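**Student:** For reference, the chains in residue letters:
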Amino acid sequence: MSPSTSSTTVNGFTALPVSYPSSATHYIYARRHEGSEKPNASTRNRKTTDLPTGRTLFLVNVPPDATERELVLLFKPCGTVEKVVLDFDAHDSQDDDDSDDGGEDEDAEKDGDRAMQEDVPSRKRRKVAKEEVPKVVPLPHAPHRTIRKTGLTAYVVFLDASSLDRVSSLATKTRPWSTSSEEPSGLAHYSAMFRNLRPPLDLIQEHVDTYMELFEYKLAKSKQKSKYRKGEAIVDDDGFTLVTRGGAYGKTLGGGVTVASKRFQRSGETSSRRRRPKEKQEKEGFYAFQRAEKQRSELLNLKKKWEEDKAKVEKLKQSRKFKPY
Amino acid sequence: MASNLKRKRGGEPTPRKSPKLDIEESVAGSDDEGFDEGEDSGSEGEEWGGTGTAMDVDRRGPSSSKPKKAPTGEELRAIREATDLYRSSSFKLQIDALLPNVRPKQSRTVPLEKFLLKLHTFLMQLPSVEPQHPLEAARKLQKKGVAVSYCAPLPTEDTNWKVAFEKPDDITLVGSWPNKVSVKAKDGFQYGVDIAVQMPDGLFQEKDYLNARFFQKKAFYLASLANSMQSTKSGLNVDVFYESTAGDPRLTKLVLVPKPDGSQTDFTKLNARVCIIPSVSPSNPIPLHRLSPAHSNLRVNDGANLPTPVYNNALLTAFSPKPHLLSTYNLIHSIPAFADALTLLRIWANQRGFGEGSKLCVKGFENAGNLWPALLELLINGEDSTTRGAPPRKPLGKGLSSYQLFKSALSCLATQDFSKHPALAKSASKHKYPPSEYQANHTATLVDSSSLVNALSYIPPGCIDMIRHEAAKTIETLQSSALAVDPFTDVFLHDHRDVATRFDIIFKVDLSSAKARKSSLHEALDFGSATNHLLFNMNALLRKALGDRIHAVAFLQPSSTNSLPSTRPLTQAHPSTSSTIFVGLVLDPASAFNLVQLGPAADSTDLEALTAFQELWGSKSEMRRFKDGRIAESVVWDVKTADERAHVPAMVVRHILQWHFGLGEEHVQTWQSAYDSVIRMPKEIATKYIQGAGSSMGFKGAMQAFDRLVKSVKALDDELPLSLVNASPISESLRYTSTFSPVPLTQSLAAALPPNARYLQPINIVFEFEQSGKWPDELKAIQKIKLAFFESIGTGLMKSVEGLKASVVLGSGNITDSNELMDKAYLEIVTPEGWAFHARIWHNREATLLDRILDDNGPNPHVVVSKKRKQQERKGKEYLDALEAKEVYDRRFMHAPRHHRAVAALNHQYAAFSGTCRLVKRWFASHWFLGGHVSEEAVELLCAQFFVLDGKHVGTDVDIPKNTLSVVPSTKERGFAMVMRFLSEWKWEEGGLWVCLYGPKKAEGEEESDGAPAVPKTAPAKASGTGVWTVSTDMDKDGKLWTRKGPDVIVAKRIRAIAGATWNYMQTMEDGTFNVQGMFIHPTRDYDFLVHLNPSVIPRYVHNIAADESLLGKGKFANDRLRKQEQDLVLPGFDPARSLFDDLQRTYADTFRIFFDPYGGDTYGAVWDPTLKESRPFRVLGGYSSVPVKKENEKAKDRGLVALNDSAVLGEIERLGSDLVKSVLKQR
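Quick mapping for you: the protein sequence lines, in order, are chains B and S. Note that full-length UniProt numbering numbers the first sequence so that position 279 is 279, with each residue one more than the last. Note that full-length UniProt numbering numbers the second sequence so that position 971 is 971, with each residue one more than the last.
So here's chain B without its partners, still in its complex pose (with noise of 0.2 Å):
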């Protein structure tokens, strides 16, 4: 591909050529980010911290397995890259590849027998100041790609300002799109990705015992938080006792308040067979005129039942569906 003289601007969006090696060119669109204008969702709060409206550059079409080194490398000419945010849409804890980490904070209920013999440490722990939070030990992990969705958004962020402005200059040339080394790609990273799947036993204990720890860790946490007590009632400041379902026998909580069941909440149905409608009151058939009526309507419906046939055979007629050869 003979480099490209002038930049070509879509939509406000500047188109970066990139060159494969199979002779063809792909184009990332780029422009500056903009802050969310809509600074109401509380979501978007920790996005607008992560990238600086001044330095960071939002891309589109990145190719689908492009990894932050390539897309670094890609910017060097313009300045350092500070961080680059892979497909932030689709989900916040993404910028790694590693997706088994799960460093998330959820709280639950919990009390597996395996989290009762960590109780102690978990105990321990919990007294300590917030930041010492149990770590988890994360799987093993040897880089490898992550291949998404074409036609990929990302955000570049910069060390300094002044690299956006050198951004544009990009446009004007073809550059190749370098592939970096450490993750494989094609065969290797097919035979590179079956083995790292498969991690040391002892790695996954250490995993999951520790991540049973942070797990028990948070429970206990939200277990102080929270005013249920088991057998107590909760009162709230006006006095009023809140009623629940719950516990193993379908015991209220604070009290021997009954509540309706699942079932009636949510269908309005209080048993699950059905009652038997109620007999009619008046008699069928009684009345002669009632029989006749009836006979008058089986009729009816005889005729009906015998049109309707009679207009679909003669719909497949038409479409010669009787021509048996």
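In short, the hints are calculated from the structure, not lab data. Just so it is clear, the structure is predicted and the values come from calculations on it, not from any experiment. Please note that the accuracy of each hint is not assured.
Straight-line Cα separation of at most 27 Å, DSS-like style, residue types lysine-lysine; simulated pairs [unchecked claim]: (1) S/Lys-180 x B/Lys-323; (2) B/Lys-305 x B/Lys-321; (3) B/Lys-218 x S/Lys-774.
Add chain S to chain B, keeping to what the hints say.
**Tutor:** For chain S alone, kept in the frame of chain B given last:
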């Protein structure tokens, strides 16, 4: 208009009422604006014309709510009749619509009538020919270009009788034409207009019945007729041909085909031909009593006067045209439905090849025109009281509908054994010959009331079995209610002549060198034609040898093709015969594959039976001592593998043909082994596997390995926190339906194999542990705990079983792993024998937790959640993840084990099921659909429908009735053909398929009443899928479980097209160019681009349908092997070609549609999304790789159009698959 006037007049007395009623009327009819004015006012007029207005109002009162009137008495009667006398009212309407299509157009008969008149006058003024010596007469005619079809024994120079010609006594229009019951024949064959030309009595003598003298005289008579008609002087302007019924020269007739000249007598447009059949009057000097089946009328030199039933029957045929005409006429006029029933019966027969056609027809039925009226007559009149023990058949009522008559004719065909019990229709006069004589001399008998001809005399016994089988099949269809196809369509509109779905095994036999080992001259003469005799004997012998292995052995031949028409020019005296015949077997799976055929015991005194047995089997028959101590003459078939067992019936046929007719391997062609090789590995590799793994291969080996594994996991009880309750297999390798029979792979074996033959298919199983409250109540934690479980099972197993390897696999390694709610990790176990298992853990709490996320009401149903928030949650990652996870959970843990059990059970019931599935899967794979577009389970369901039928016999231990079994395919070839036919015809747009895999389908009402509570209405919204097929079972009423991901509209249409092509290709079996492999070669022309992979690095290349053997050789370097010894060679499920395919499919889901053969395919094919061809405005989330479109001029600048950057996409593919992709070929 008259009714309008009437209305005005009638309306006057009640002016007050009319506006109101009008309003009512218009309200009622308002839904269709333009209702028929004339009709409406007409009906109203009638009512208004009545004097009793009050009564009118009364009658109209209730009807005002309904727009329609009550049906009149007339209508009511018609409706009632239709519903009571037919299968259903729509069935009756369909019959009514069908019948006119198969009858000749009355408007075109005028020229024919004129022609017939002309012919009559012409024939009546023919000059007579003096009596002369037969040979001399023949020579004279020969000069004029007409051969006389004398039959054996031919007249010699010293015969002392003479042949002559005189103008016919009488000319009658006979057969179905004058009775107006002609039925269109298949393949555009002509209507036959039969004319019986009565030869004068004076030409014959009493002794003419002897030694075919009658036939010689008749032949001369016919030749003279032909001679005079052929000459241009006749003015008839027709082509004259000879035609011999059933290839018997004694039954020759003349066929007149008009030359199109546009004259008044040119009846070309009618598509008919006139047949001239010579007949004799009842006053003929030949005594009828000499023609009984037991009489011998052929005197052969050897002196023994054996009966000549076929000969006698042929002679009697000359007497029959007029009586048949009359009896049919009487029936038509006394029974209103007779003509329709006869027509239905003949359509039915034509569709099944019991008639004429240029495709394969069942032998013996080509000219069985009078069989059908005879059969109906038998039913209507009942049976003559006969010698048979059972009471004779009772006459049927005369008021039956055409459908009822048709159905009873079928049930008669299906149940009555015409060979054991001759059927003689009741006639006014006594029958001429006793039934016992028929029984003794004919193989099967059906005689009508004229008591002359046996309608079944020409039909080989196996072909009679065939019609019995077909009739039974049709009755089954008519009775069953839950079939995918409309019974009417199936019975009357579908062509059932294709051999592939009809027969379990098909042979193509070349008769040219056939020579019967034992042949009697007398019998050959009796049959009149050597071929007929040979085929009849062959059929009888095969039937005897196959015995209870089969339901029917049918001989098939096209009755007339372009290359070999049934008519012959006048210069040819004898009919020519085709040298190939197709033999079709319908197997009885209960005993078809028995290895031993027992004959008489050694100590039996019945010497006759012993010699008969030895005579039948020849060298194969030997005295054997069996395990239970019996010593008996027997035939044992040698079988090495399970596959070969399916070949036993074929072996029997081959042996009989070889032994009795000298037809060797090369003359008898079957396609069974070719089908076998499609689902096998190349031989060289297979032998290595056998050496490496020994006897523990195949499905049995896999099951044993599974059982061993479960046992050893159960033994770990103490080491595991919870004990194992259940281990359910969910792999096709454990339910006999994987295309390739499963093989283990050990390290040492792998080293001996080339790298592209080292694929090890892991077997998926599901562990279920006992219930425990100790599981964390949170999805992500549950997934982690599963890891811990796997770890401890793995460690435990490695300790307890030597040589076993276990590792925990964290997921699939691609982007789908980011879903943390989903079950994705599994334990990989490689047993010391080399079997690989992938085990997962089923924890039922997951479902509840997922449902909580998915539930509309949230975890706390009483808390009102704002709609806005709900919608936001819907879009949220957690919700989408949960949706996906739930789907995977349902499929993997709920449905897959159930499906597995049902399919495995089916396998034990039907021997051919497994083979069918494997073949069909191979087909789907080799056409690049399987895996990526069609799931394995969907294929299994598609196949299962032909086995479970209406589900009556699912899960029962009771023996399945034979009738049902004969409908079910007994060999995989037939099953495969049925699936192909189905796929090519299935209108998935119009309706789904219901497979009764779990028992009979419940009636609609029932389903609603008890089906609903079981499946809560609050089931989470199903993730949207693009699949268009609906394949429902009782467990999956939506029918999308296995077809949600595909095939989508485009793919489904392509499947239909390719299945159609395959189906058409199968039809070439008839002309012998058929090659099984050809059905599995995929056309790659239609793809926009092809990605060729490097076959030497694909571990599954060995499974490729057209694997190149040279690429499967040893590794190139000798020291290569040493190096490999160190590293792990057994990589279960490692298939980079498939992984790359999955990645590409996911990555470019909106860019192109990609196809690939999962069984070792070495090419991907893809088509661009057609909507991307045009440039579009740029969008941030366009979802495809694009290139800015160069603006044409300055104005277009703002539009910012982009187009698909196809070359970059191809470049990406090359990079994604580096080392794997050999080349990318752009085709378009």
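**Student:** If you draw a straight line from the CA of B/Lys-305 to the CA of B/Lys-321, is it 27 Å or shorter?
**Tutor:** Distance of about 21 Å is within 27 Å: holds.
**Student:** Check whether the Cα positions of S/Lys-180 and B/Lys-323 lie no farther apart than 27 Å.
**Tutor:** Holds, at about 19 Å.
**Student:** Take the C-alpha atoms of B/Lys-218 and S/Lys-774, compute the straight-line distance between them, and say whether it is at most 27 Å.
**Tutor:** holds, 17 Å
Checked against the numbered hints given earlier, this structure breaks none of them.
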